[in-house]
Amino acid sequence: AQSVTQLGSHVSVSEGALVLLRCNYSSSVPPYLFWYVQYPNQGLQLLLKYTTGATLVKGINGFEAEFKKSETSFHLTKPSAHMSDAAEYFCAVKRVAGGGNKLTFGTGTQLKVEL
Amino acid sequence: NAGVTQTPKFQVLKTGQSMTLQCAQDMNHNSMYWYRQDPGMGLRLIYYSASEGTTDKGEVPNGYNVSRLNKREFSLRLESAAPSQTSVYFCASSEARGPGAKNIQYFGAGTRLSVL
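Each protein sequence line maps, in turn, to chains H and F. With our numbering applied, the first sequence covers 1 to 115. With our numbering applied, the second sequence covers 1 to 116.
Isolated chain H, as found in the complex (with noise of 0.2 Å):
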């Protein structure tokens, strides 16, 4: 079974400062990995994703993600953080074959910008 871990369920920075929210993953075999983001009262939106090819990804709204696999980790960075940051963020993990094509989330990370 896989599984997914987010160290920390809030973390708060201050504007401009580096944003790093931490995912690790549990799996026989490297999964894809995925980043999802939660506005107030709103549905999840994909941040970005790793499937194969280049370790670290790009995302939407500057955010990147490096997939280490000797680590088994997924960690979520952004250079400078914005007060439209504000939200929760979630990792989570997809079985490569198989599966029935189903999420694994972690607990998700509520991150807070302070001025």
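Check the hints yourself; a few may be wrong.
[Said to hold, decoys possible] Chain F is nowhere near these chain H residues, computed Cβ spacing over 10 Å in every case: (1) 11; (2) 20; (3) 24; (4) 25; (5) 60; (6) 61; (7) 64; (8) 70; (9) 77; (10) 82; (11) 85; (12) 114.
[Stated by the list, open to error] Partial pick of chain F residues on the chain H-facing surface, computed with a CB cut under 8 Å: (13) 31; (14) 40; (15) 90; (16) 94; (17) 103; (18) 104; (19) 105; (20) 107; (21) 108; (22) 109; (23) 110.
[To be verified] Calculated pairs, DSBU-like style, for lysine-lysine (alpha carbon to alpha carbon, straight line, at most 35 Å): (24) 68/H with 112/H; (25) 58/H with 57/F; (26) 71/F with 49/H; (27) 57/F with 14/F; (28) 49/H with 9/F; (29) 58/H with 71/F; (30) 68/H with 49/H.
Keep in mind that the hints were calculated from the coordinates and are not lab data. Bear in mind the structure is a predicted one, so any value in this text is a computation, not a measurement. The beta-carbon is built from N, C-alpha and C at its ideal position, and this holds for glycine as well.
Given chain H, put chain F in place with the hints provided.
Chain F in isolation, oriented as in the chain H frame:
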């Protein structure tokens, strides 16, 4: 440009009442999903439908039933609501099985359900 539409947006039920949450997508996607979101627990899959005519249990199916009415619509029914079913419910859809881009799930705005 509707994407995934969920109705209702809010609902309050009394214990034992029944209701159906509706979901429709206009992206011609094959697969559809129902999740519940609870504080500190992320999203948990209730049921999913890999394609029209099929449904399967997810992680937390007890107390729920689903119907894949057609390719567009996937409904979630609570036959006898319980306070433990107070949650935010999300419907999602994705194109199909297969690699990469086709695995992206698109989410509705959610239904906020309170069971008293």
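Evaluation of the provided hints:
1. 11: holds (15 Å)
2. 20: holds (19 Å)
3. 24: Fine: 14 Å to the nearest Cβ keeps residue 24/H off the interface.
4. 25: Non-interface label on residue 25/H holds, nearest chain F Cβ at 13 Å vs cutoff 10 Å.
5. 60: holds (13 Å)
6. 61: Residue 61/H is indeed farther than 10 Å from all Cβ atoms of chain F, at 17 Å.
7. 64: holds (17 Å)
8. 70: With a cut-off of 10 Å, residue 70/H remains clear of chain F, as the shortest Cβ separation is near 23 Å.
9. 77: Check passes; 21 Å lies beyond 10 Å.
10. 82: holds (23 Å)
11. 85: Check passes; 19 Å lies beyond 10 Å.
12. 114: About 22 Å separates residue 114/H from the closest Cβ of chain F, which puts it past 10 Å; holds.
13. 31: At 5 Å from the nearest chain H Cβ, residue 31/F passes the 8 Å test, so the hint holds.
14. 40: holds (6 Å)
15. 90: Holds, because the Cβ-Cβ distance from residue 90/F to chain H comes to roughly 6 Å (cut-off 8 Å).
16. 94: Status holds, d = 6 Å.
17. 103: Because about 6 Å separates residue 103/F from the closest Cβ in chain H, which is inside the 8 Å limit, the hint holds.
18. 104: Since chain H brings a Cβ to about 6 Å from residue 104/F, closer than 8 Å, the hint holds.
19. 105: holds (6 Å)
20. 107: holds (3 Å)
21. 108: Constraint on residue 108/F satisfied, holds at 5 Å.
22. 109: holds (5 Å)
23. 110: The hint holds - residue 110/F has a Cβ within 8 Å of chain H, the shortest such distance being about 6 Å.
24. 68/H with 112/H: Between residue 68/H and residue 112/H the Cα gap is close to 26 Å, so the pair holds against 35 Å.
25. 58/H with 57/F: Holds. Residue 58/H to residue 57/F sits at ~33 Å (cutoff 35 Å).
26. 71/F with 49/H: Answer holds: residue 71/F to residue 49/H is near 26 Å, not above 35 Å.
27. 57/F with 14/F: Measuring from Cα to Cα gives roughly 25 Å; hence the hint holds.
28. 49/H with 9/F: Roughly 29 Å separates the two Cα atoms, so the pair holds.
29. 58/H with 71/F: Between residue 58/H and residue 71/F the Cα gap is close to 32 Å, so the pair holds against 35 Å.
30. 68/H with 49/H: Holds. Residue 68/H to residue 49/H sits at ~14 Å (cutoff 35 Å).
This entry satisfies every hint, going by the numbered hints stated previously.
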